[in-house]
Amino acid sequence: MDEKVYGWWLPPDVSTHGAKIDHLISVVHWFMLLLFVGWGCFFIYCLLKYRQRPGHKAIYAPIAAVATKYIEGAVVVVEVFLLFGLSTPVWLAYKNSPPDDSAALHIKIVAEQFAWNFHYPGKDKKFGRTDASLISGDNPLGVDPEDKDGKDDIITVNQLHFPVHTPVVVEVSSKDVIHSFNIPVLRVKQDTIPGQRIPVWFEATQTGHFELACAQLCGLGHYRMRADVLIDSPEDYAKWEADNLPPAAEAPAAAAPETPPAGNTPGPSDRPQEPEKAPKGEKK
Amino acid sequence: MSDTVIPYMVKPHPVTGIPNGKFAIWLFLASEVMLFGALFSSYVLIRTGAPHWPPEGGLSSEILDVPKATFNTAVLITSSITMVLAWASCKMKNLPKFKMWMAITIALSFVFLVVKYFEYAHKFELGHTPAHDNFYAIYFTMTGLHGVHIIGGIIVNFYLLTFGSKLWKTDPEHFTNRVENAGLYWHFVDLVWIFLFPSLYLL
Amino acid sequence: MSVDTHAHTNGNGHAHDHGDRGHGGHELPFWKKYIFSVDHKVIGIQYTVTALVFLLFGFCLMMLMRWQLAYPGQPAPALIAKLIGENAMPGGVMAPEFYNQLGAMHGTIMVFLGVVPLAVGGFGNFVMPLQIGAPDMAFPRLNLASYWIFLPGCILMMCGFFVQGGAAQSGWTSYPPLSDIATTGQTVWLLAMVLIITSSLLGSINFIVTIVQMRAKGLTFWRLPFFVHAQLVTSFLLLLAFPPLEAASVLQLMDRVAGTSFFLPSGLVISGEQLKVAGGGSPLLWQHLFWFLAHPEVYVLILPALGIVTEVMANNTRKPIWGYRLLVYSVIFLGFMSFVVWAHHMFMTGMGTTMSTFFQTTTMIISIPSVVIVTCLIMSLYGGNIRFTTPMLFATAFLPMFAIGGLTGLPLGLTASDIYLHDTFYVIGHFHYVVAPGTLFALFAGVYYWYPKATGRQMNPTLGKLHFWCSFVAINFVFMPMFFQGMAGLSRRLYDPTVYMHGRGVQPLNVVISMGAWALGASQIFFIINFFMSLKTGEKVLENPWNATTLEWAAPSPPGHGNFLTEPVVYREPYEYSVPGHATDYSPQFVAEGN
Numbered sequence: 001m002d003e004k005v006y007g008w009w010l011p012p013d014v015s016t017h018g019a020k021i022d023h024l025i026s027v028v029h030w031f032m033l034l035l036f037v038g039w040g041c042f043f044i045y046c047l048l049k050y051r052q053r054p055g056h057k058a059i060y061a062p063i064a065a066v067a068t069k070y071i072e073g074a075v076v077v078v079e080v081f082l083l084f085g086l087s088t089p090v091w092l093a094y095k096n097s098p099p100d101d102s103a104a105l106h107i108k109i110v111a112e113q114f115a116w117n118f119h120y121p122g123k124d125k126k127f128g129r130t131d132a133s134l135i136s137g138d139n140p141l142g143v144d145p146e147d148k149d150g151k152d153d154i155i156t157v158n159q160l161h162f163p164v165h166t167p168v169v170v171e172v173s174s175k176d177v178i179h180s181f182n183i184p185v186l187r188v189k190q191d192t193i194p195g196q197r198i199p200v201w202f203e204a205t206q207t208g209h210f211e212l213a214c215a216q217l218c219g220l221g222h223y224r225m226r227a228d229v230l231i232d233s234p235e236d237y238a239k240w241e242a243d244n245l246p247p248a249a250e251a252p253a254a255a256a257p258e259t260p261p262a263g264n265t266p267g268p269s270d271r272p273q274e275p276e277k278a279p280k281g282e283k284k
Numbered sequence: 001m002s003d004t005v006i007p008y009m010v011k012p013h014p015v016t017g018i019p020n021g022k023f024a025i026w027l028f029l030a031s032e033v034m035l036f037g038a039l040f041s042s043y044v045l046i047r048t049g050a051p052h053w054p055p056e057g058g059l060s061s062e063i064l065d066v067p068k069a070t071f072n073t074a075v076l077i078t079s080s081i082t083m084v085l086a087w088a089s090c091k092m093k094n095l096p097k098f099k100m101w102m103a104i105t106i107a108l109s110f111v112f113l114v115v116k117y118f119e120y121a122h123k124f125e126l127g128h129t130p131a132h133d134n135f136y137a138i139y140f141t142m143t144g145l146h147g148v149h150i151i152g153g154i155i156v157n158f159y160l161l162t163f164g165s166k167l168w169k170t171d172p173e174h175f176t177n178r179v180e181n182a183g184l185y186w187h188f189v190d191l192v193w194i195f196l197f198p199s200l201y202l203l
Numbered sequence: 001m002s003v004d005t006h007a008h009t010n011g012n013g014h015a016h017d018h019g020d021r022g023h024g025g026h027e028l029p030f031w032k033k034y035i036f037s038v039d040h041k042v043i044g045i046q047y048t049v050t051a052l053v054f055l056l057f058g059f060c061l062m063m064l065m066r067w068q069l070a071y072p073g074q075p076a077p078a079l080i081a082k083l084i085g086e087n088a089m090p091g092g093v094m095a096p097e098f099y100n101q102l103g104a105m106h107g108t109i110m111v112f113l114g115v116v117p118l119a120v121g122g123f124g125n126f127v128m129p130l131q132i133g134a135p136d137m138a139f140p141r142l143n144l145a146s147y148w149i150f151l152p153g154c155i156l157m158m159c160g161f162f163v164q165g166g167a168a169q170s171g172w173t174s175y176p177p178l179s180d181i182a183t184t185g186q187t188v189w190l191l192a193m194v195l196i197i198t199s200s201l202l203g204s205i206n207f208i209v210t211i212v213q214m215r216a217k218g219l220t221f222w223r224l225p226f227f228v229h230a231q232l233v234t235s236f237l238l239l240l241a242f243p244p245l246e247a248a249s250v251l252q253l254m255d256r257v258a259g260t261s262f263f264l265p266s267g268l269v270i271s272g273e274q275l276k277v278a279g280g281g282s283p284l285l286w287q288h289l290f291w292f293l294a295h296p297e298v299y300v301l302i303l304p305a306l307g308i309v310t311e312v313m314a315n316n317t318r319k320p321i322w323g324y325r326l327l328v329y330s331v332i333f334l335g336f337m338s339f340v341v342w343a344h345h346m347f348m349t350g351m352g353t354t355m356s357t358f359f360q361t362t363t364m365i366i367s368i369p370s371v372v373i374v375t376c377l378i379m380s381l382y383g384g385n386i387r388f389t390t391p392m393l394f395a396t397a398f399l400p401m402f403a404i405g406g407l408t409g410l411p412l413g414l415t416a417s418d419i420y421l422h423d424t425f426y427v428i429g430h431f432h433y434v435v436a437p438g439t440l441f442a443l444f445a446g447v448y449y450w451y452p453k454a455t456g457r458q459m460n461p462t463l464g465k466l467h468f469w470c471s472f473v474a475i476n477f478v479f480m481p482m483f484f485q486g487m488a489g490l491s492r493r494l495y496d497p498t499v500y501m502h503g504r505g506v507q508p509l510n511v512v513i514s515m516g517a518w519a520l521g522a523s524q525i526f527f528i529i530n531f532f533m534s535l536k537t538g539e540k541v542l543e544n545p546w547n548a549t550t551l552e553w554a555a556p557s558p559p560g561h562g563n564f565l566t567e568p569v570v571y572r573e574p575y576e577y578s579v580p581g582h583a584t585d586y587s588p589q590f591v592a593e594g595n
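Chains as they are written, first to last, in our numbering: chain Z, 1 to 284; chain W, 1 to 203; chain U, 1 to 595.
Here chain Z stands alone, though its shape is the one from the complex (with noise of 0.2 Å):
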């Protein structure tokens, strides 16, 4: 995705949702326009009409507005409108219409100081069963290596892949302290709260190259917490899943592609690594 198409206004769209959420934003936003200039408008009627000058005099007598309490009422009207009308109906169906699960593509995400884990179930769409006293260098999720069900997990880093067109539910968590998963332009954002796991959904319209930031302050690396997000065709997703599957024998080795920065290094060194331009799969 060319960096020309953000702007200084809502990037594209590429997420089945996120068009509602859009609508409420551009709604709220006239509305509070529409206020704004309605108030400024008489604001600063007054501030010239009223101002102090030789022979002018203040009313005393409170002025029977009932244009106010109109206002008023509609404004009342307006936020129920966009609450129960615009916004809960959205976050409802949102939140409590995952999707049927024999269609959806399931990732695990794991965040950590300062990197994302993806931890896909690989052909047998079973997860490899993970224990936090696993966790060492190379096994960066503690994936249990006598679970079956692990070997043909992959777990990428910084690499976040799916299909366009295909639900996908992901559970995040993290290792560590509080991150947020936020991919500005799925319109997603769920805080990763260390000891819970928390299902998100989302499904792409788009295929493309685009960004998963960190939006919760995590640490000295908050900023450079950033991870790809390679939406792919379906025959392009299914070749990267052949690609990445681990050899069927021992151990999960990860297909990572780098290493997560390891702790607390501060310093110039510290500075952002320029993201990739063209990692492999993507698409225009």
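Check the hints yourself; a few may be wrong.
[Claimed, not checked] Stretch-level coverage of chain Z by chain U, calculated; a stretch enters the list once three of its residues show a Cβ under 8 Å from a Cβ in chain U: (1) 28-39; (2) 122-136; (3) 173-183.
Hint data in this document are derived by calculation from the structure and do not stem from the laboratory. Note that the Cβ used here is the ideal one computed from N, Cα and C, for glycine as well.
Since the structure of chain Z is already known, use the hints to place chains W and U on it.
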């Protein structure tokens, strides 16, 4: 230091019916309710989130020393009564009696702290520090904070018993009000314990 | 009304029961006057000066951060880099952890050491007892204690910068587990917070008792100036909302010092190492306790500001406030509601639909009284005879700024749009519009408005107007572009926003914002010069330079110890301006009929 006369320091305000000090102590207690309320809510939240309570297994009544705590409950309730008696002695213009009851109140508070000390010491001997698990974390934090309140009460009561009682000579009514306010605080501290005891030791 | 011109004379020899008041004439030595004074006015000035210093300091931290945001990775000007030191700015380039310290401390200082002490400790202490006709606060020594607990808290907070690892760097919200595993600075932050909270509690008790018990004769609740109502509600918020944060701070201290795990769940792995704690805690518990305070805290910031704006507007429109009772009902309602909206800061923590619906509904409800308040204040302009004095300029500008801040709260309070806007720069723009050009402008209005009462001299109006116009223009260049950055999806608290494609899109705005921030900083020079110069050269004033109606203008300027020369009696409502048939356009509360 102030040479400004503040109204209703001693006499009740005609509308609210209480003097400033008593009003202030009620407000202070309201904020204390919020403080302990927040701690109790945290306790509930952590406890309901735990798969088993206490996390190491067993029952809280077996882990904690119920007989000592029961004894302490009795001590605190008695001290509340002696506190009321101290205030009543002031009302009856009997300073020596006030001193006696106040001294007993303070002595009882010390008894409470000493018993508490033995309870804590035993826990530490077993290696059950606050870091052991969240059961002990909550136990030590809440009883510790309550203990700090007891110490605060002892300081106030000790002041009233000694240096503060000079006020008796110049303004006995003002002094009586102070004793009453200290008493209100003391009853609150007592009440907190009455909530703490069953919810930590028994439930 | 006959005016006794000299501020320090006290010669009318009233021999009533408050006979020993009014020793304004004798000068106390400095240490006695400014260190151990129990006089609410001195304490108010102490709070005001302390808070203004911290506001400036907190703003300097931000101006420093703005360099990194505008020119990420480029070395700062040599002088600044040298001043900060190699440790925090190696080679002149800000280190990310130093950036996080600046962010956390900017928020903490501005809220807890700047705005609240100025709005409540400063104006509340100085103005409120005068406005209710009281000789002092109900508990002068408690007041003294409150300041002398506050100041060590502030100093302790500053000490954070000098401990190993630097100051707190987990944001002013200090979310665990990040804050639990942070460097020593966080412990210092917590201890300082405990002191500051304790100080606030003592202060709020004092305020409530004073307002309820010590009003002058005739000063019924419906005759109280709106500022006093605002302070009363604010004090209740402080009294009831701060203890949960104190509890939370104690719990976090335990986590950090005693090794408990109130906020640490089981199985944490930090940098590849298993964290050796018992676990079983809840990170969200902190957020609930924190926001239970911090949402009412928002109203603690804004209500005194509304009070000041109302005072200044009534005085300068020369007419009664439109809907005075409506305003009072609105702030009381705001106060109640502010306790049941806290979780709207936590929509993204994965809460269920019932809870999120409840909290977004209460959030929409709480917006109604805000709309009513803005309407009342704008309607108060209608039919007025508006004098554009310096305080009035700030108070006038408050209205559209507060309106922008309030309105942009709507899309954040609605869960669906919050999914996108949560934790973006849109949030930063929103609450800064409420607090910076909103509350801070109101506080500036208050400084200009009550400065003559505190010092006996007016501030220079030309410098004042320069200060206003420069600040007004600059501050909008600071905060308006943030809405566009937020819309573009830029997360907050990013050391280097150009890491992201959508960040690079709005990076030019960061340069604009930084320029605006530095211009805003430069504009404050007018204020600083004015503030000190007017002490010596400002035009001398009598009791009532603004021709105002409320009680503080009955006392001499500056008021002596004990405040009033004669015991004030209140005869009418607070804002009786331009009463028909009256010779002057103001009828003070403290003047009996016929004068």
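Structure-based check of each hint:
no.	hint	in the structure
1	28-39	holds (count 7)
2	122-136	holds (count 4)
3	173-183	holds (count 6)
Hint violations for this structure: none, all hints satisfied.
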